[in-house]
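Which chain is which? The protein sequence lines are A and B, in order. Take 1 as the starting number for the first sequence in my numbering and just add one per residue. Take 1 as the starting number for the second sequence in my numbering and just add one per residue.
There's no promise every hint is true.
[What the hints assert, rightly or not] Just so you have them, the derived chain A footprint on chain B, three or more residues with Cβ under 8 angstroms:
no. : region
1   : 16-25
2   : 56-67
[Claimed, not checked] Here are the simulated BS3-like cross-link-like pairs (lysine-lysine), alpha carbons at most 30 angstroms apart as the crow flies:
no. : chain 1 : residue 1 : chain 2 : residue 2
3   : B       : K86       : A       : K98
4   : A       : K2        : A       : K94
5   : B       : K68       : A       : K128
6   : B       : K153      : B       : K130
[To be verified] From chain B, some residues computed to sit far from chain A (all C-beta separations above 12 angstroms):
no. : residue
7   : E31
8   : R76
9   : I131
10  : E250
Simulated from the structure, these hints should not be mistaken for lab results. Beta carbons are placed, not taken as given, at the ideal position from N, Cα and C, and that holds for glycine.
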Amino acid sequence: MKLEKLMRNVYFADRVLVTKSRYGSHYGEKIIDGFREWIPWRSKLAAMILKGHRVDFRGDERVLYLGAASGTTVSHLADIVDEGIIYAVEYSAKPFEKLLELVRERNNIIPLLFDASKPWKYSGIVEKVDFIYQDIAQKNQIEILESNAEFFLKEGGEVLIMVKARSIDSTAEPEEVFNEVLEVLSSRFEVLRHGTLEPYHKDHIFVHAKIF
Amino acid sequence: MRLKYNLWFGVYEDGKVERSSNLEESFLKAENEESLPFNIPDVGFEVFGGEEEYYTALRKTALAIAEKLVERELRREDKYVIALVKALEEVEESINMLNEKLEDIRVVKDSEIAEEFENKIEGLKNLRKKIEREIEEMMTKIAPNLTEIAGAKVAAKLLERAGSMERLVRFPASKIQVIGAEKSLYKAFARMKKGKKAKIPKHGIIFLHPFIRTLPKSKRGKMARFLAAKIAIAAKIDYFRGELDESLYESLRRRYEELRRK
Ligand SMILES: C[S@@+](CC[C@H](N)C(=O)[O-])C[C@H]1O[C@@H](n2cnc3c(N)ncnc32)[C@H](O)[C@@H]1O
């Protein structure tokens with residue numbers, strides 16, 4: 001197997017994106033000799049990496065993850081920050097049930113069945129974090145990001161958000177929506193990078209930013 | 001000003017932590033209006049005697065709570081009953097429909113097809129019985145008082161209309177009385193709006209209750225009001241306490257006897 005390192009615990013293994021992991025399959029991904037296939041169609045973070053973008057992780061970060069769903073992306077992120085802690089927030093019980101399977105096998109995920117738009121409700125649980133990852137497909141997702149950043153993001157902390165044009169405004173051109181989002185974000189954050197997730201996720205962009 | 005913060009493992013005040021004796025309870029009360037001026041683990045590591053101990057306890061508590069909430073949300077037994085009630089209605093409709101078709105066929109010819117219809121209908125009737133039994137069993141379990149006074153069938157239908165036990169207990173008696181009669185209620189309101197005379201329906205689903213059905217028409221309204229009031233009480237007892245209160249049925253029966261004799 002030919003390995004090419006991309007990021008901490010993230011590799012191309014014979015041209016297939018994988019994370020180094022000692023755990024089994026969580027969502028149907030293949031296991032290859034201590035590596036888990038990371039499917040870009042299922043995970044926006046994988047799509048972002050496949051499009052050539054990198055995020056530097058040391059591995060011991062504290063991460064607040066908003067919109068954990070059933071843990072597809074969380075499972076790979078947990079491989080990456082294997083010495084850190086992920087606070088995984090999700091408000092829908094159905095996908096959360098599946099996420100709990102992941103929580104039981106790992107020791108670095110704290111499951112939080114809460115509404116991410118009410119960060120005060122978990123303010124006595126979540127510590128100050130280095131990183132906020134957000135993928136919630138909500139109209140007011142930037143507002144939600146900002147209030148969570150206010151509560152939990154460390155000085156100089158970073159955010160990585162996935163934006164779906166249609167959930168912010170279903171009638172406007174995606175391009176317009178994205179510009180608007182970048183504009184709003186720039187009042188509190190320094191945008192480090194952004195880009196589309198085509199062809200894996202249509203009309204989506206990611207934005208990687210750092211708080212002032 | 002004294003600053004007090006609710007943390008998942010207790011209350012932090014004046015630089016000290018009052019450690020909670022029940023972590024699951026304090027976890028759910030860990031709300032604060034504003035961002036904390038300190039980092040929780042800085043306090044927590046000390047309380048739990050180390051980083052590893054801290055995160056082990058946090059993860060364990062969060063998981064226990066999450067499992068409970070998911071359980072309550074997903075396997076809510078009231079949702080199951082609601083699904084069964086809906087299924088039962090469909091099965092009943094199918095039986096009626098098949099019966100009609102069977103008659104249509106039989107009038108013309110007593111064929112093999114007719115026999116197959118009979119078998120199908122027989123099968124559906126068995127299914128109906130099973131669903132009814134399951135509804136009765138579940139209702140007795142989740143709402144013993146409501147089931148005792150309303151009967152499993154009426155109780156389950158009320159629950160189905162309300163959408164959940166939680167919503168049902170918030171309905172006032174006046175609403176419970178007319179659940180299932182909404183159509184005629186709106187019609188009556190519409191007539192009244194136009195200045196016409198209209199009859200306000202006195203009972204919806206609860207009309208299926210034997211204590212109402214078997215009374216003379218003139219007394220049904222009174223009984224319906226009484227029954228609805230008791231149902232409202234029963235549902236609340238079931239939701240908040242869950243124990244059986246025998247006196248409810250007794251008072252209902254007495255009221256029924258009274259009305260019947262008068
Ligand atoms: C696109 S999915 C996330 C997929 C996931 N990030 C992954 O890649 O595996 C969006 C999720 O956000 C959740 N969500 C939406 N609004 C939310 C809110 N206010 N609080 C918490 N979760 C929310 C939805 O229930 C849904 O599971």
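Hint check results:
1. 16-25: violated (count 0)
2. 56-67: holds (count 8)
3. B:K86 x A:K98: OK: B:K86 and A:K98 at ~28 angstroms, within 30 angstroms.
4. A:K2 x A:K94: violated (38 angstroms)
5. B:K68 x A:K128: holds (26 angstroms)
6. B:K153 x B:K130: holds (13 angstroms)
7. E31: Its Cβ does come within 12 angstroms of chain A, the nearest being 5 angstroms, so this is violated.
8. R76: violated (10 angstroms)
9. I131: holds (25 angstroms)
10. E250: Holds, because the least Cβ-Cβ distance between B:E250 and chain A comes to about 40 angstroms, which exceeds 12 angstroms.
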